[in-house]
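Chains A and B supply the protein sequences, listed in that same order.
Convert by adding 475 to the 1-based position in the first sequence; the result is the number in this note's numbering.
Convert by adding 432 to the 1-based position in the second sequence; the result is the number in this note's numbering.
No wet-lab data here; the hints were simulated from the structure.
A couple of the hints might just be wrong.
Only pairs whose alpha carbons sit at most 25 Å apart, straight line, appear in this in silico DMTMM-like list of lysine to aspartate or glutamate [what the hints assert, rightly or not]:
no.: 1; chain 1: B; residue 1: 556; chain 2: A; residue 2: 659
no.: 2; chain 1: A; residue 1: 522; chain 2: B; residue 2: 544
no.: 3; chain 1: A; residue 1: 637; chain 2: B; residue 2: 544
no.: 4; chain 1: A; residue 1: 541; chain 2: A; residue 2: 645
no.: 5; chain 1: B; residue 1: 573; chain 2: A; residue 2: 612
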Amino acid sequence: MNEVARRPIGRFVPLIVFAALVAFFVVGLVWNQTHDARFVPSPLIDKPAPAFRLPKLEQPTQFVTKADLLGKPYLLNVFASWCFACGDEHPVLMAYRDKFGVPLIGYDYKDAPQDARAWLQRHGDPYHEVIADQSGDTAINFGVYGAPETYLIDAKGIIRYKHIGPLTPDVIAKELEPRIRELEDQGT
Amino acid sequence: MKRLVAWLEPLSHRERRREAPSAQRWGEGSGLNRRAASCVPSPAPPGHPLPKGEGKNGLRHMRHVMAAVGVAFALAFSTGAFAIDPLPFQSTAQRERFQHLTSELRCMVCQDESLLASNADFAKQLRRQIFEMMQQGKSDKEIKDWLVARYSTFILYDPPLAPSTIALWFGTPAILLAGGIVVVVLLRRRTRPAGSIAEDLGDDW
Numbered sequence: 476m477n478e479v480a481r482r483p484i485g486r487f488v489p490l491i492v493f494a495a496l497v498a499f500f501v502v503g504l505v506w507n508q509t510h511d512a513r514f515v516p517s518p519l520i521d522k523p524a525p526a527f528r529l530p531k532l533e534q535p536t537q538f539v540t541k542a543d544l545l546g547k548p549y550l551l552n553v554f555a556s557w558c559f560a561c562g563d564e565h566p567v568l569m570a571y572r573d574k575f576g577v578p579l580i581g582y583d584y585k586d587a588p589q590d591a592r593a594w595l596q597r598h599g600d601p602y603h604e605v606i607a608d609q610s611g612d613t614a615i616n617f618g619v620y621g622a623p624e625t626y627l628i629d630a631k632g633i634i635r636y637k638h639i640g641p642l643t644p645d646v647i648a649k650e651l652e653p654r655i656r657e658l659e660d661q662g663t
Numbered sequence: 433m434k435r436l437v438a439w440l441e442p443l444s445h446r447e448r449r450r451e452a453p454s455a456q457r458w459g460e461g462s463g464l465n466r467r468a469a470s471c472v473p474s475p476a477p478p479g480h481p482l483p484k485g486e487g488k489n490g491l492r493h494m495r496h497v498m499a500a501v502g503v504a505f506a507l508a509f510s511t512g513a514f515a516i517d518p519l520p521f522q523s524t525a526q527r528e529r530f531q532h533l534t535s536e537l538r539c540m541v542c543q544d545e546s547l548l549a550s551n552a553d554f555a556k557q558l559r560r561q562i563f564e565m566m567q568q569g570k571s572d573k574e575i576k577d578w579l580v581a582r583y584s585t586f587i588l589y590d591p592p593l594a595p596s597t598i599a600l601w602f603g604t605p606a607i608l609l610a611g612g613i614v615v616v617v618l619l620r621r622r623t624r625p626a627g628s629i630a631e632d633l634g635d636d637w
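Model the full assembly from the supplied sequences, consistent with the hints where possible.
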C-alpha cells in the first residue's frame with residue numbers, strides 16, 4: 476500500500492525530469508541569444524580608473540593624466556584607425572558628441588599617430604580631446620582587449636560603466652544616457 | 433592546426449596590418465585569410481636555375497613533394513608548438529614556468545586560444561607583460577591576480593570556486609548523483625521478491 480501511494484507520483488518523475496531538461500536548454504538558448512561571449516564584463520566597474528599619463532594625439536609633447544580629468548564625468552572611447560567596427564561607430568559619435576552632456580575623450584589604441592590623425596581628418600573628429608596609447612600598456616590596466624570600447628568615468632575617477640563594441644543609438648539611449656543623467660543628478 | 437600556423441608564422445599582427453591596411457579586429461575572418469595566404473609556399477626566387485634535365489613539370493612535381501615533406505616535418509614537430517616571441521629567458525625552468533602559466537590563461541580576443549598559443553597582438557603583449565613580471569620575481573599567483581583584476585576570472589581557463597561558479601563545479605556531479613539514485617531505485621524495484629512483481633506490472637516506466 477506504500478506502493479499504491481507512491482505510484483501516481485512516480486509516474487510523473489520522467490516527465491518532471493524531461494521538463495527540467497527542457498527548461499535548462501531553453502535558458503541556455505535564450506542566454507546565448509542575449510549574451511555575446513566576446514563581451515566579458517569588466518571587473519573594474521565601480522572601481523577607480525587606473526592612473527595614466529598619455530600624450531595628446533595632436534600635441535605629443537603635452538600629456539594628459541587621470542588627475543587632469545577629475546572634477547567632472549567624461550566618456551573615454553577606445554578607438555583605432557585600424558579598427559573596422561570603429562568606423563561603424565564613428566557616425567554615431569559624431570551625431571551624439573554634443574548630446575552626451577559630458578566630454579568625449581578619444582583613446583587612440585595601439586595606433587600610429589599619423590594614421591590616427593589621418594583617420595580623424597578623413598572621417599571627422601568627434602572627440603573633445605584625443606590621447607594616444609601607442610604601446611597599449613596603459614590599456615591593459617583599463618582591461619581593454621579590443622576596440623571600440625567606451626568607459627563612463629565619474630568626477631571622482633570611478634569607472635561607472637563600460638560598453639564593449641560599437642556604441643549604437645539604442646545602447647546610448649538604454650544604457651549610457653540614464654547613467655550620465657544619474658551622475659548629473661548626484662552632482663558627481 | 434592553429435598552433436601549427438602560429439608556429440610557422442611568427443609575424444606579428446601589426447606587421448601584417450601594414451601589409452593589409454584593411455585588417456580589423458572584430459568580426460572579420462580576415463585574420464585567418466591572411467594567415468592562410470602567408471602560408472602558401474613561396475615560388476622559387478627569380479633567376480633560380482632549373483636543375484639539369486628537369487622540365488618545368490618535373491620541377492613543379494618536386495616542389496610538391498618537398499612541400500609535403502615540409503608539412504610532414506612541421507606536423508611531426510608541432511606538438512607543444514606555440515607562438516614564438518624572442519623572450520630572453522634566464523633558464524629552461526623559467527621558460528617552462530612561463531609556458532605552463534600562459535597555457536592556463538585565455539586570450540581575451542580569440543577566446544578559444546590560450547595566451548601561449550595565440551598569435552593575436554593582445555596575447556603577444558600580455559606574454560611580454562607576464563615575462564617582465566616574472567623577471568621582477570612575481571609569483572604565478574600574483575601574476576594571475578594582476579590579470580584577474582583587469583580582465584576578470586574569465587581570463588583563467590580554470591574557473592575558481594565562487595558563488596557564481598557553484599553550478600559549474602557541482603552541477604554535473606549533482607546530476608550524475610541524481611541519475612545514479614534513479615537507477616538504484618529502479619533496479620531495487622525490479623529485483624524485489626517475486627511476490628510483489630505481479631503488483632508492479634503496469635507501473636513500468
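Are the Cα positions of residue 637 of chain A and residue 544 of chain B separated by 25 Å at most?
23 Å, holds
Below or equal to 25 Å on CA atoms is what counts here, so check residue 541 of chain A against residue 645 of chain A.
29 Å, violated
Check whether the Cα positions of residue 573 of chain B and residue 612 of chain A lie no farther apart than 25 Å.
This hinted pair holds, its Cα atoms lying about 21 Å apart.
Are residue 556 of chain B and residue 659 of chain A close enough, with their CA atoms no more than 25 Å apart?
Violated, at about 40 Å.
Are residue 522 of chain A and residue 544 of chain B close enough, with their CA atoms no more than 25 Å apart?
28 Å, violated
Going through the hint list in order, the structure does not satisfy hints 1, 2 and 4.
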